[in-house]
Amino acid sequence: MLGMFYLHHTLSQRYRYCRSNGRLRQTAYEESSISERPVEVFHRVFLKEIERSGRIHELSMIARYKLLSGQLLKDGAMGIKMLFKGKLKLVPTGIKGKKEIKKLFKDTGSVQ
Amino acid sequence: MKVTVYPGCSLESTASEYMHSLTTVFTLMDIEIEELKDWNCCGASLAIPRSDMVITLTSKIIRMALEAGANAIITACPLCHTNLDTIQREAAVLTDVELNLPVIFITELMAFAFGEENLSALWNRHFINPAKILEEAVEAGC
Chain A
460 MLGMFYLHHT LSQRYRYCRS NGRLRQTAYE ESSISERPVE VFHRVFLKEI
510 ERSGRIHELS MIARYKLLSG QLLKDGAMGI KMLFKGKLKL VPTGIKGKKE
560 IKKLFKDTGS VQ
Chain B
2 MKVTVYPGCS LESTASEYMH SLTTVFTLMD IEIEELKDWN CCGASLAIPR
52 SDMVITLTSK IIRMALEAGA NAIITACPLC HTNLDTIQRE AAVLTDVELN
102 LPVIFITELM AFAFGEENLS ALWNRHFINP AKILEEAVEA GC
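In the order they appear, the protein sequences are chains A and B.
For the first sequence, the working numbering begins at 460 and goes up steadily by one.
For the second sequence, the working numbering begins at 2 and goes up steadily by one.
The hints are simulated quantities; they were obtained by calculation from the structure and are not laboratory data.
C-beta: ideal position from N, C-alpha, C; glycine also.
Be aware that a few hints might be false.
Stated by the list, open to error - Only some residues are given here: those of chain A computed to face chain B with a beta carbon under 10 angstroms: (1) R496; (2) E499; (3) F501; (4) H502; (5) V504; (6) I521; (7) K540.
What the hints assert, rightly or not - Some chain B residues judged to face chain A by a derived CB distance under 10 angstroms, without partners named: (8) A48; (9) I49; (10) P50; (11) A122.
Turn these sequences into a full structure, and let the hints steer you where they fit.
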């Protein structure tokens with residue numbers, strides 16, 4: 460039991476979860492089949508939205524995702540209902556440090 | 002009224018300290034929590050690119066909660082909350098079973114329990130409005 464705890468502790472300290480997850484995701488993209496393309500597009504649009512404005516504005520992100528994925532009409536009714544329920548904000552709220560965010564992305568590799 | 006807690010994947014792993022504090026809050030509120038047994042992931046942000054998959058995953062969770070006799074699901078993850086609440090009508094069409102289970106966020110439950118009265122606007126934002134079930138719980142002395 461103590462050994463398991465030590466192993467977990469050691470792994471937690473040394474294992475770089477974010478980097479490993481990112482690498483796994485990248486590998487998945489590279490090896491993905493055509494049917495998984497929407498997921499790849501979504502992740503790219505998600506990151507691009509953060510790079511652009513520092514926060515996620517769902518409506519902008521969904522619009523961009525739909526244009527790039529070609530799924531223009533999919534889940535449209537759900538989107539309209541969410542809009543009426545007040546779950547999607549019409550106007551994005553930006554942040555002051557957009558330049559810093561852009562620099563962070565530039566330093567770590569901009570989203571294609 | 003029987004509620005079941007759906008922690009979601011993050012509270013089970015990377016945000017386990019959040020689950021710990023949540024359990025403490027429930028204890029302070031004198032609420033005995035019962036975690037939904039054998040729950041699965043709600044599909045998270047795949048709701049946008051793979052809504053079919055998320056409908057399948059969430060409908061399984063809702064059906065398990067209903068089978069466990071729950072009148073509502075409590076969650077503390079915003080994404081889990083959105084997925085579980087918004088997708089039930091679509092899931093009902095696909096699964097041919099009526100799914101109508103309110104999903105309440107932990108802070109909403111706290112606001113209600115602490116006596117906040119102006120919550121109707123909040124409840125109206127839900128796809129499955131929990132107001133009725135909460136009123137019934139108060140009348141039943143829960």
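Hint check:
no.	hint	in the structure
1	R496	9 angstroms, holds
2	E499	8 angstroms, holds
3	F501	4 angstroms, holds
4	H502	8 angstroms, holds
5	V504	9 angstroms, holds
6	I521	7 angstroms, holds
7	K540	7 angstroms, holds
8	A48	9 angstroms, holds
9	I49	6 angstroms, holds
10	P50	4 angstroms, holds
11	A122	9 angstroms, holds
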